[in-house]
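Protein chains: 2
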Amino acid sequence: MDIVIYIYTGLTALDAIGPYEILSRLPNANIKFVAKEKGVIVTDTHFLKLVAEYDITEINKADILLIPGSVVGFIRESKDTNLLSWINKIDKTTTWTTSVCSGSIILAAAGLLKDKKATSHWGVVHLLKSYGAISTSERYVQEGKIITAQGVSAGIDMSLYLASQIVGEEKAKAYQLFIEYDPKPPFNSGNINEANTASIELAKKILTKEAKKDLTILDIVKNVQSLIKLKHGR
Amino acid sequence: MDIVIYIYTGLTALDAIGPYEILSRLPNANIKFVAKEKGVIVTDTHFLKLVAEYDITEINKADILLIPGSVVGFIRESKDTNLLSWINKIDKTTTWTTSVCSGSIILAAAGLLKDKKATSHWGVVHLLKSYGAISTSERYVQEGKIITAQGVSAGIDMSLYLASQIVGEEKAKAYQLFIEYDPKPPFNSGNINEANTASIELAKKILTKEAKKDLTILDIVKNVQSLIKLKHGR
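Heads up: the protein sequence lines correspond to chains P and B, in order. Sequential numbering of the first sequence, starting at 314, is according to the numbering used here. Sequential numbering of the second sequence, starting at 314, is according to the numbering used here.
Treat the hints with care, since some could be wrong.
Heads up, the list lumps identical chains together, so a pair's fine if it works in one copy or across two of them.
When the alpha-carbon atoms are kept at most 25 Å apart in a straight line, the in silico DSS-like pairs for lysine-lysine are as follows [claimed, not checked]:
id	residue 1	residue 2
1	LYS405	LYS345
2	LYS517	LYS484
3	LYS497	LYS484
4	LYS484	LYS522
5	LYS392	LYS522
6	LYS345	LYS362
7	LYS526	LYS345
8	LYS349	LYS362
Treat the hints as calculated values from the structure; they're not laboratory data. Keep in mind that this is a model prediction, so the values were computed, not measured.
Chain P with its partners taken away, still in its complex shape:
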């Protein structure tokens, strides 16, 4: 089973690594980390680097395609027509096409979410509408073979659900036990609708700071500014 995880400069690592840690336990899983150019890929924090062993020209099909998100990198990716064509090509071959966090904006830009229910990170979920998607605030949303998940950590929940669809609930439960996924967050602040105002303001400030840190000359500043204003947030 070919599981293709697309990685790119500025991705948020946990978006990819959460689902990878579950999906890699599927029988006959063959996970391929794929980028525009193979080699070292720098994540959003700049501290962590992952290795892409394939470039997109080498990959023509997948059973599962996963597009992770990023703080600002997804804006550049969602304007890359060459990438969007590749995503469309791979999607035609998949059993499942999935995203985590702002990865859904890239799927939407590829035209795959038109008139479909989808979700994303709370900071960017409002952007889905401009691509004709129906934005929701579920932890993860399935529409046919497409599953989109909320921000960063939501990929773990989504991939457990996906695993259960592929190999059944019993095996998925074993994968959950394997990674001892018995979450006990010390605070109740992970949901934008339940977090207090101070946490939301601080989280927006962090988003802005991280976005600025992550800016490169390759990013289109005006688009980034529209993101970091987060005027549609909450």
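Based on the hints, put chain B in the right spot on chain P.
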């Protein structure tokens, strides 16, 4: 703030990446991925490779030290006296010394958990006793400046708690919101004491299979066999 994450052949990526995704948002965080030899580090699945930018000879201190776990690699690491000396040296300089999953066995082998409460992945937590540690089944356990966490995903909970100790609860809550950590696992199977027998048996089979896959000639087979028997499990 220097946050040193030790990575090694066969590590379980989420053990490191979960805490990294939280701790990297700390003000002035400077995260260093450190290995015995700098370069590409192959994880337990063999599908994912991370980059270590430093080798242990280049790192003499840390504010936070994090030791992630692995399926079998931790056995090799816990017998490496050169590594254990380095861990002891770094620990003398830290404000916090932490582990996720079987990373606590490496801390224990370094002598840092003697007579201390600690935890680990359910599959190996029984090994803590042989190093004089007091094993517990809490999600994460603090004893002084040492915090150990249960398996794989527990590092996210542990690092949120750690962040709150460093910058206070308000900021930690914002980090939780940043990664939208509002866990909604589709099943209730992440805790060995709540999972059903079939899930436990399957999870043990997966552990055995992954352990065999991860064996290299560098691993000491008799020690691995004692692990995969899991005779003390549950």
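Copy assignment of LYS517 with LYS484, given that the CA separation must stay at most 25 Å: Intra 38 Å, inter 12 Å, cutoff 25 Å: inter-copy only.
Go through the copies and call it for LYS405 and LYS345: within, between, both or neither, with a Cα cutoff of 25 Å. Within. Shortest intra-copy distance 18 Å satisfies the 25 Å Cα cut-off; inter-copy 40 Å does not.
Go through the copies and call it for LYS497 and LYS484: within, between, both or neither, with a Cα cutoff of 25 Å. Answer is both: 22 Å inside a copy and 18 Å across each meet the 25 Å cutoff.
Copy assignment of LYS526 with LYS345, given that the CA separation must stay at most 25 Å: between (28 Å within a copy, 17 Å between copies)
Given identical chains, is LYS484 near LYS522, meaning Cα to Cα at most 25 Å, within a copy, between copies, both, or neither? For LYS484 and LYS522, only the inter-copy Cα distance (14 Å) is at most 25 Å; the intra-copy one is 41 Å.
Treating 25 Å as the Cα threshold, decide for LYS392 and LYS522: within, between, both or neither. Answer is within; shortest intra-copy Cα gap is 23 Å, inter-copy 42 Å.
LYS349 and LYS362: within-copy, between-copy, both or neither at 25 Å Cα: Classified as both; 15 Å inside a copy, 17 Å across copies.
For LYS345 vs LYS362, is the C-alpha pair at or below 25 Å within one copy, between two copies, both, or neither? both (16 Å within a copy, 11 Å between copies)
In this structure, every one of the numbered hints holds.
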